[in-house]
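Q: In case you want the letters, here they are:
There are 2 protein chains.
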Amino acid sequence: MDMKIEVIENVFKYNRINAESNRELFGKHHVLALNILSSPGAGKTSLIIETIKHLGKSVNIGVIEGDVSSTYDAQKIKKYINQVVQINTGGTCHLNATMVGRALEKLDTGNMDLIIIENVGNLICPVGFDLGEDYRIVLSSVNEGDDKPVKYPPVFIKCNPVLLNKMDLIGISDFDLGFFIKEVRKINPSAELLKFSCKTGEGVEKWIEWVLKQVKNKKGK
Amino acid sequence: MDMKIEVIENVFKYNRINAESNRELFGKHHVLALNILSSPGAGKTSLIIETIKHLGKSVNIGVIEGDVSSTYDAQKIKKYINQVVQINTGGTCHLNATMVGRALEKLDTGNMDLIIIENVGNLICPVGFDLGEDYRIVLSSVNEGDDKPVKYPPVFIKCNPVLLNKMDLIGISDFDLGFFIKEVRKINPSAELLKFSCKTGEGVEKWIEWVLKQVKNKKGK
Chain A
1072 MDMKIEVIEN VFKYNRINAE SNRELFGKHH VLALNILSSP GAGKTSLIIE TIKHLGKSVN
1132 IGVIEGDVSS TYDAQKIKKY INQVVQINTG GTCHLNATMV GRALEKLDTG NMDLIIIENV
1192 GNLICPVGFD LGEDYRIVLS SVNEGDDKPV KYPPVFIKCN PVLLNKMDLI GISDFDLGFF
1252 IKEVRKINPS AELLKFSCKT GEGVEKWIEW VLKQVKNKKG K
Chain B
1072 MDMKIEVIEN VFKYNRINAE SNRELFGKHH VLALNILSSP GAGKTSLIIE TIKHLGKSVN
1132 IGVIEGDVSS TYDAQKIKKY INQVVQINTG GTCHLNATMV GRALEKLDTG NMDLIIIENV
1192 GNLICPVGFD LGEDYRIVLS SVNEGDDKPV KYPPVFIKCN PVLLNKMDLI GISDFDLGFF
1252 IKEVRKINPS AELLKFSCKT GEGVEKWIEW VLKQVKNKKG K
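Residue numbers (the numbering used here), protein chains in the order written: chain A, 1072 to 1292; chain B, 1072 to 1292.
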């Protein structure tokens, strides 16, 4: 039993050390780092593509794609920018700071303004692993249902902002927006909440504004 | 490093022992046990409710609900049947055989025909944990996208049947059904594939037929 606890402590200790080293790198180059968490299929890749479409001309963006398997998402993003690295975890259910550190070596981090890390699609495990990011962000989606903050509280407690995608489906689903917002507020009263649809583009400008503001803040530091 | 491997082996060893003991219990009472895996919000609870609505009068059904937090899903199911137990994992990302063994003590397993286990919403971690079930089943949904078998292969390799829910959304999404089926076939050629919409009820009868057939098979053993 002691042995088990020790091992788990070691895993978190190594992650902390590597997260700090990533954070130092981001700080040194004034690069904003965003770590995006969600269920499979909530729209992380679509959001990243929208961000590149809106900001790619004025902001130097790099992307780290985390997946259990395949280079499917990285290929999609490669159509828009060159600075993309795919991490295949080979079964592991979250990214850790060591994986991200290795990916950063393959990106031109010194010339970046923004690095977006797409975590493995999983609403539970990635929460516990600091990657050295500036913001840990959760992306929920209308079709997943309004009960996600009730059933998966840790990710909604630890993330800010909280994003809600696929708002175009709200008319044809029984998603209760008031209930969702109330439950998020209950466990994370200070979280910023942004709603949009990557499909129709509605509301995406609020996200773009938020990102641009944080990029400028980081550059100013 | 050796230490870590030993601990992980122990976790799996204890799980195997407890899974066998659950399997013996299911065998002794000729109860069919189904372990349903999916992403958060794919519709596991809705599928269980549909199953109870169709079969509840002729088949004695018990349900084990797995969630990180809350009794939200168990409460929904309690409206239809009494034999429901909620497991709150408190952060753990999957059910294990020990948790299920304890839940079985609270169900009238000796008088059951069918026990449905709703695993924690997670497309990765539950795959590795045998609960003693007869069938490990994956429920995918149209709104998650057609690339799930490519990006999360282990769950599609290890599960049979493969279910696809929210077929009512197929007209308004860019989900390519041919691609999804091709990718499932590629990694799991013998898997049965059932498509339906729990919302409209379309196709659900195929699932009900499948369940009823397995219940009868188990009773005949």
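Simulated from the structure, these hints should not be mistaken for lab results. Incorrect hints may appear among the rest.
When chains are identical, the list treats them as one kind, so a pair holds in a single copy or across two.
To be verified - Below, a list of computed lysine-lysine pairs in the DSS-like style, where the Cα atoms sit at most 30 Å apart:
hint	residue 1	residue 2
1	Lys1229	Lys1147
2	Lys1257	Lys1290
3	Lys1257	Lys1128
4	Lys1284	Lys1084
5	Lys1177	Lys1253
6	Lys1084	Lys1229
7	Lys1149	Lys1289
8	Lys1084	Lys1150
9	Lys1099	Lys1257
10	Lys1150	Lys1229
11	Lys1084	Lys1147
12	Lys1266	Lys1147
13	Lys1124	Lys1289
14	Lys1099	Lys1253
15	Lys1084	Lys1270
16	Lys1128	Lys1253
17	Lys1084	Lys1149
18	Lys1290	Lys1253
Q: The structure should be examined with respect to each hint, and the outcome stated for every one.
A: Against the structure, the hints:
1. Lys1229 to Lys1147: Both ways: lysine 1229 and lysine 1147 sit 29 Å apart in one copy and 27 Å across, limit 30 Å.
2. Lys1257 to Lys1290: Answer is neither: 33 Å inside a copy and 47 Å across each miss the 30 Å cutoff.
3. Lys1257 to Lys1128: neither (39 Å within a copy, 40 Å between copies)
4. Lys1284 to Lys1084: Answer is neither: 32 Å inside a copy and 51 Å across each miss the 30 Å cutoff.
5. Lys1177 to Lys1253: Close neither inside one copy (42 Å) nor across copies (33 Å); limit 30 Å.
6. Lys1084 to Lys1229: within (19 Å within a copy, 33 Å between copies)
7. Lys1149 to Lys1289: within (25 Å within a copy, 51 Å between copies)
8. Lys1084 to Lys1150: Answer is neither; intra-copy 37 Å and inter-copy 46 Å both fail.
9. Lys1099 to Lys1257: Neither. Shortest intra-copy (36 Å) and inter-copy (46 Å) distances fail the 30 Å Cα cut-off.
10. Lys1150 to Lys1229: neither (32 Å within a copy, 33 Å between copies)
11. Lys1084 to Lys1147: neither (34 Å within a copy, 41 Å between copies)
12. Lys1266 to Lys1147: both (24 Å within a copy, 27 Å between copies)
13. Lys1124 to Lys1289: Within one copy only: 21 Å inside, 55 Å across.
14. Lys1099 to Lys1253: So lysine 1099 and lysine 1253 fail the 30 Å test inside a copy (39 Å) and across (47 Å) alike.
15. Lys1084 to Lys1270: This pair counts as neither: shortest intra-copy Cα distance 40 Å, inter-copy 46 Å.
16. Lys1128 to Lys1253: This pair counts as neither: shortest intra-copy Cα distance 37 Å, inter-copy 38 Å.
17. Lys1084 to Lys1149: neither (34 Å within a copy, 43 Å between copies)
18. Lys1290 to Lys1253: For lysine 1290 and lysine 1253, the Cα distance exceeds 30 Å both inside one copy (34 Å) and across copies (47 Å).
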